[in-house]
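Engineer: Sequence:
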Amino acid sequence: MDDLASAVNHSSEFDPAELDVTLKLAISPFILSGIAKDLFNAIRAEAPNVQVQLLNWSKSTIQDIVNDDIQFGLNYTIGHAPKELLQKRIIEDSFKGYVRADHPYPKDYIEVDDGVDFEIATLIAADWNSNQSVSEKIIRMRGHEPNIAFRSELPSAVIDVVKNSDMMFPGSSYLNLDTHPGLRSLDIYFGKVSIDAEINAVYHHKNRNSATTLWLYKLIKQILLNNNRELSAN
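Taken in order, the sequence shown gives residues 1 to 234; the numbers are from the UniProt record's numbering.
Keep in mind the hints are simulated off the structure, nothing from the lab. Each hint should be verified, as a subset may be incorrect.
As the list claims (entries may be wrong) - Here are the simulated lysine-lysine pairs, DSSO-like style, with alpha carbons at most 30 Å apart: (1) Lys-206 x Lys-83; (2) Lys-206 x Lys-107; (3) Lys-221 x Lys-96; (4) Lys-88 x Lys-107; (5) Lys-59 x Lys-218; (6) Lys-107 x Lys-96; (7) Lys-218 x Lys-37; (8) Lys-96 x Lys-218; (9) Lys-221 x Lys-83; (10) Lys-206 x Lys-88; (11) Lys-37 x Lys-88; (12) Lys-96 x Lys-206; (13) Lys-163 x Lys-83; (14) Lys-107 x Lys-83; (15) Lys-59 x Lys-83; (16) Lys-107 x Lys-37; (17) Lys-96 x Lys-163; (18) Lys-221 x Lys-107; (19) Lys-221 x Lys-37; (20) Lys-206 x Lys-218; (21) Lys-107 x Lys-59; (22) Lys-206 x Lys-37; (23) Lys-59 x Lys-206; (24) Lys-107 x Lys-218; (25) Lys-163 x Lys-59; (26) Lys-88 x Lys-59; (27) Lys-163 x Lys-107.
Sequences are here, hints too, so could you generate the full structure?
Structural biologist: Shown next as structure tokens:
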């Protein structure tokens, strides 16, 4: 980490091609698989000598960022983040419901109140929905009890279960499932219920002016925008 921190002292002098370090980035499982290829290629195009480690955001990630063991994180808003960490908004995500292609549900959309009619599969994202998924929270806000039948930390496991059952999976746009064989998407109408799905860069406060951090932020923001042009961003 000392090598990374001292690779450049001022952004005006920064040249990513001079980096010869290991970059560790922790990313929410809702996002990681959808941007991994583009992110790796973008980093190596400008910094050909770095080793890139893209890690699934885990229960230890917050402390790893505090300890400088991970340089950069990408996740939804974390309400319990310690004061050492900065969360900088990049973009607002959108979610759809996904069911198997031949699911008997006849519509191409689902309202929140209809969620009680489905068994739900959810993806566990540490520090965001570890104890209660967003779909559970919203259904309960509407006065219903959700029927959660399957939870996993692996997107592939959730997708496989949904493709072979009548479950519904509320998934991020960055999972790129709209054209996934064996699945069809349902627009979710949340009505007046809001869903906090801001995707944030997460890094140590002391690195807020680090040229490497700012470079990574710029790369990742561009990739997220390119992957979903229809999402709003500031």
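Engineer: Hint by hint, note whether the structure agrees.
Structural biologist: Status of the hints after comparison with the structure:
At most 30 Å may separate the alpha-carbon atoms for a hinted pair to count; Lys-206 and Lys-83 meet this at roughly 11 Å. Among the hinted pairs, Lys-206 with Lys-107 is inconsistent with the structure: their alpha-carbon atoms are about 50 Å apart, more than 30 Å. Note on Lys-221 and Lys-96: the hinted pairing holds, with a Cα-Cα distance of about 22 Å set against a maximum of 30 Å. Of the pairs offered as hints, the one joining Lys-88 and Lys-107 is violated, with about 37 Å between alpha carbons and a cut-off of 30 Å exceeded.
Restraint check for Lys-59 and Lys-218: the C-alpha separation of about 26 Å stays at or below 30 Å, so the hint holds. Between Lys-107 and Lys-96 the alpha-carbon distance is near 13 Å, which keeps this suggested pair within the 30 Å criterion. Distance hint between Lys-218 and Lys-37 is fulfilled; the C-alpha atoms sit about 17 Å from each other, no more than 30 Å. Taken as a hint, the Lys-96 and Lys-218 pair is honoured in the structure, with Cα atoms around 27 Å apart against an allowance of 30 Å.
About 23 Å separates the Cα atoms of Lys-221 and Lys-83, which keeps this hinted pair within 30 Å; it holds. Between Lys-206 and Lys-88, the direct Cα distance comes to roughly 14 Å. Compliance with the 30 Å bound is thereby established for this hinted pair. With a CA separation close to 23 Å, the supplied pair Lys-37 and Lys-88 stays within the 30 Å bound. Distance check on the hinted pair: Lys-96 and Lys-206 sit about 37 Å apart at the alpha-carbon level, beyond 30 Å; violated.
Only pairs whose Cα atoms come within 30 Å are accepted, and Lys-163 paired with Lys-83 is rejected, the gap being roughly 41 Å. Taking the CA atoms of Lys-107 and Lys-83, the gap is about 45 Å. The hint is violated against a cut of 30 Å. At roughly 17 Å between alpha-carbon atoms, Lys-59 and Lys-83 fall within 30 Å of each other, so this suggested pair holds. About 33 Å separates the Cα atoms of Lys-107 and Lys-37, which puts this hinted pair outside 30 Å; it is violated.
Only pairs whose Cα atoms come within 30 Å are accepted, and Lys-96 paired with Lys-163 is accepted, the gap being roughly 15 Å. The straight-line distance between the Cα atoms of Lys-221 and Lys-107 is roughly 34 Å, outside the 30 Å bound, and the hint therefore fails. Taken as a hint, the Lys-221 and Lys-37 pair is honoured in the structure, with Cα atoms around 15 Å apart against an allowance of 30 Å. For the hint linking Lys-206 to Lys-218, the alpha-carbon distance of about 18 Å falls within 30 Å, and the restraint holds.
For a cut-off of 30 Å, the pair hint linking Lys-107 to Lys-59 is broken: about 37 Å separates their Cα positions. Restraint check for Lys-206 and Lys-37: satisfied, since their Cα atoms lie roughly 29 Å apart, inside the 30 Å limit. For the suggested pair Lys-59 and Lys-206, the alpha carbons sit about 22 Å apart, so the restraint of at most 30 Å is met. Restraint check for Lys-107 and Lys-218: the C-alpha separation of about 39 Å exceeds 30 Å, so the hint is violated.
Between Lys-163 and Lys-59 the CA atoms are separated by roughly 28 Å; this keeps the pair inside 30 Å, and the hint holds. The suggested pairing of Lys-88 with Lys-59 holds, with an alpha-carbon distance near 20 Å, which does not exceed 30 Å. Taking the CA atoms of Lys-163 and Lys-107, the gap is near 17 Å; set against the 30 Å cutoff, the hint holds.
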